[in-house]
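Could you build the full structure based on these sequences and the hints that come with them?
Chain by chain, the residues run as shown.
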Amino acid sequence: MTERSHSGLRPSRIAIHAVLILAALVYLIPLFIMLITSFKTPMDIRTGNLMALPSEWTTLGWSKAWSEACTGVQCDGIRGYFWNSFKMTVPAVLISTLLGAFNGYVLSKWKFRGSDLFFGMLLFGCFVPFQVVLLPMAATLGKLGLANTTSGLVLVHVVYGVAFTTLFFRNYYVAIPDALVKAARLDGAGFFTIFFRILLPMSTPIFMVSLIWQFTQIWNDFLFGVVFASGDSQPITVALNNLVNTSTGVKEYNVDMAAAMIAALPTLVVYIVAGKYFIRGLTAGSIKG
Amino acid sequence: MEHIQHTPARVAKAPTRLLDGLQRWLPKLVVAPTFVLVGIGIYAFMIWTGVLSFTSSSFLPVYDFVGFDQYAKLMDNDRWLTASVNLGIFGGLFILCCLVIGVVLAIFLDQKIRQEGALRTIYLYPMALSMIVTGTVWKWILNPSLGLEKLMHDWGWSSFSFDWLVNSDMAIYTIVIAAVWQASGFVMALFLAGLRGVDSAIIRAARVDGASLPRIYWSIILPSLRPVFFSAVMVLAHIAIKSFDLVMAMTAGGPGYSTDLPAVFMYTHSFTRGQMGLGSASAMLMLGAILALLVPYLYSELRGKRHD
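Going line by line, the protein sequences match chains A and B.
Using full-length UniProt numbering, you'd call the opening residue of the first sequence number 1 and step up by one each time.
Using full-length UniProt numbering, you'd call the opening residue of the second sequence number 1 and step up by one each time.
Check the hints yourself; a few may be wrong.
What the hints assert, rightly or not - Quick list of the computed label-pair ranges, beta carbon to beta carbon:
#1 B:PHE271 to A:VAL250: 21 to 31 Å
#2 B:VAL51 to A:VAL90: 33 to 43 Å
#3 B:ILE113 to A:ASP187: 42 to 52 Å
#4 A:SER151 to B:GLY156: 37 to 47 Å
#5 A:ASP76 to B:GLY254: 26 to 36 Å
#6 B:TRP218 to A:SER151: 31 to 41 Å
#7 B:PRO227 to A:SER230: 24 to 34 Å
#8 B:ILE89 to A:TRP83: 36 to 46 Å
#9 A:MET121 to B:TRP157: 48 to 58 Å
To be verified - For lysine to aspartate or glutamate, the following DMTMM-like pairs were computed, each having C-alpha atoms within a straight-line distance of at most 25 Å:
#10 B:LYS150 to A:ASP44
#11 A:LYS276 to B:ASP199
#12 A:LYS87 to A:ASP76
#13 B:LYS150 to A:ASP116
#14 B:LYS28 to A:ASP44
#15 A:LYS251 to B:ASP154
#16 A:LYS251 to B:ASP163
#17 A:LYS276 to B:GLU116
#18 B:LYS112 to B:ASP199
#19 A:LYS64 to A:ASP76
#20 B:LYS28 to A:ASP178
#21 A:LYS251 to B:GLU149
#22 A:LYS111 to A:ASP178
If you're looking for bench data, these hints aren't it; they were derived computationally from the structure.
Glycine included, every Cβ here is placed at the ideal spot set by N, Cα and C.
Pasting the structure below:
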C-alpha cells in the first residue's frame, strides 16, 4: 500500500526489521521452550535452565505423557483422551459445517418472511457467553442420557458451532449473484439441484474455512469438556489440565510439555498446512455482515 | 381428441403443484433443525438460567422464587468483587496491549517487508493453540524456581526475582502476559487486512504535501480504520469476558481466589460448590455485560449500513 520513495529512511528500515524480528522471537520462544523441555530428562530440567538445550535428548517425556502419565486417578497417559478428542471433533465439525452450508444457502438465496430475524438470532448467538447456558445444558444432557458421553459433547458443539458456520456460508453466498439462482429456477431447477449443481462447486474455499475454524475451536475447547464430560469421555484439553495441575508426586515438566505438544500438534499442523483459511475464518468471524 | 389431450396435462399438474408447495416449504424445513437447536440451546436455556437465578437452587435446581436474593448475595460476595475487579484489570490491559502490539506489528509489516508471509504466520500461530496449552507453557516459563528466574540467574543477573505466578497481588498480570501472547497476532491480522484496504492515493497525496510517514499513519490512516478498532475491541472484550481456560490452566483462580474471573466464579459455584442459584446470577450478569457492549456496537453497525 505504501509508496516508498525514501532513500533517506535506512535507519528506520533497520529499526522496523529489528522490531519485527524481535517480535517473531517472542512469539516463537515459548514453542521452543516447550519443545526442548519435552526432550529433557528430569535431572536436566533441574540443573539446566529454560533456554539450555538438553544435554541428553530423550523421548522419555513423550512416551510417558502418551501412555503412562497420571491424569487425576488414572495413569494411562493421555492417548485415550487424544482419541476422545478426535471422536468428538470429527463428527461435530462435519455436522455443523453441513448444517451451516444449508442454512447459509437458505438465508441468502431462499429468504422467507422471518429469515432475517432468524439470522439475527443466530448472530446474537455467536456473542452469548456460554456460562449462561451451561446449567440447563447439563440438566438436559442428563435427561437425554447423554451426560458424560462423547455423543453429548458432539451435540453441544454442533448447537454452539452452527451459528458460526451459518454466518460463514451466508456471507459467502450473499456475494454470489441472485441472477444465477433465478435463471436456474426459471429453467426448472429445484432447491437441491441449484445447491448441488451451482453453489456447491464454487464453495470449496468457504468449506475449508468452516472446517478448519470448527476443527480448531472444537479441538481446543475446554469449557464444555470440563463441564459436560468426566472420566473416560474427557477430551484432551481437560486431560492435559488434569495432568499438569495434579499435585501428587514430583512434577515432571518434560512430561507436561510433551503432553502440551501432543495436545497442540493437530491444530498446529492444520494451521501450518492451511493457515490461509484459518486467517480468513478469524477475520470473517470478527468482521460480521 | 380434446379429452385425451387434457387428461395427461391435468395429471401432470397435480404433482407440479405438490412439488411447488414442497419447494416453498423446503427452505424452512432445511433450517428447522437449526432453528430448534438454537432456539432451545441458546434462547430457552438463557431464560432457564435467568429463572434459576431467582431461586435458591443449590446442588439441584429448586423452583422457589426468592426474588433478587442471589444477586444481592453476589454483590456482597468478596470473591465476586475480586473476580469483577480482575476482569477490569485483565480485560483492560489485555485489550490495550493487544491493540498496541497488533497495530504496531501491522503497520511495520505493511512497509513492504520481504519475509512478510513468514512473519505473519509466526505472529498468528498462538491463536491456533488451545488456551490450556498456552497456559501450561507460560506456567512453566514463569515457574518461580525453575523458570525465568533461574534463566536470568544462569545468565548472570543474580538479583533477578520473578514470583508473580504465586504472588496474589501480581498473579493476574501473568494471565495478561499469556493472553496477550496468544491473541495479539490476531489483532495484527485484522489491522493488516484493514491497511491493505486503504487507498494508496491518499498516502501519496499526503507525502507530496510533505507529511512524514508516522504522521500520515497517526492522523490519516489509523482514524480511517475505526471500524477495525471497533471489531477488534469487540472480539477481544468477548474473549476477556469468557476467558476461563487460561486461568484454569495457569492458576486455577489462585493463589487463594486472587485470579478469579467471573467465568471461573460461575464454574466453581455452579459445578463444584453446589450454589447453582448464585452461579446462575453470576452468569446473567456476564450476559448483561456482553449486552452492554454488544447493543451499542450492533446499533452503530446497523445504522452505518443504512447510511450506505
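Evaluation of the provided hints:
1. B:PHE271 to A:VAL250: 21 to 31 Å: Taking Cβ atoms as reference, PHE271 (chain B) and VAL250 (chain A) lie about 30 Å apart, which means the hint holds.
2. B:VAL51 to A:VAL90: 33 to 43 Å: Distance hint for VAL51 (chain B), VAL90 (chain A) holds at roughly 36 Å.
3. B:ILE113 to A:ASP187: 42 to 52 Å: Because 50 Å falls inside the window, the suggested range holds.
4. A:SER151 to B:GLY156: 37 to 47 Å: At roughly 57 Å between Cβ atoms, GLY156 (chain B) and SER151 (chain A) fall outside 37 to 47 Å, so the hint is violated.
5. A:ASP76 to B:GLY254: 26 to 36 Å: Check passed, 28 Å falls within 26 to 36 Å.
6. B:TRP218 to A:SER151: 31 to 41 Å: Given a distance of about 54 Å, which is not inside 31 to 41 Å, the answer is violated.
7. B:PRO227 to A:SER230: 24 to 34 Å: Given about 44 Å between the Cβ atoms, the range is violated.
8. B:ILE89 to A:TRP83: 36 to 46 Å: 39 Å, holds
9. A:MET121 to B:TRP157: 48 to 58 Å: 56 Å, holds
10. B:LYS150 to A:ASP44: 13 Å, holds
11. A:LYS276 to B:ASP199: OK: LYS276 (chain A) and ASP199 (chain B) at ~24 Å, within 25 Å.
12. A:LYS87 to A:ASP76: Measuring from Cα to Cα gives roughly 18 Å; hence the hint holds.
13. B:LYS150 to A:ASP116: Measuring from Cα to Cα gives roughly 58 Å; hence the hint is violated.
14. B:LYS28 to A:ASP44: Violated, because 63 Å separates the two Cα atoms, which is more than 25 Å.
15. A:LYS251 to B:ASP154: It holds: about 22 Å lies between the C-alpha atoms, which stays within 25 Å.
16. A:LYS251 to B:ASP163: 18 Å, holds
17. A:LYS276 to B:GLU116: 14 Å, holds
18. B:LYS112 to B:ASP199: 16 Å, holds
19. A:LYS64 to A:ASP76: The given pair, whose Cα atoms are some 9 Å apart, holds under the 25 Å limit.
20. B:LYS28 to A:ASP178: Holds: LYS28 (chain B) and ASP178 (chain A) sit about 19 Å apart, inside 25 Å.
21. A:LYS251 to B:GLU149: 18 Å, holds
22. A:LYS111 to A:ASP178: 11 Å, holds
The structure is inconsistent with the numbered hints 4, 6, 7, 13 and 14, although it conforms to all the rest.
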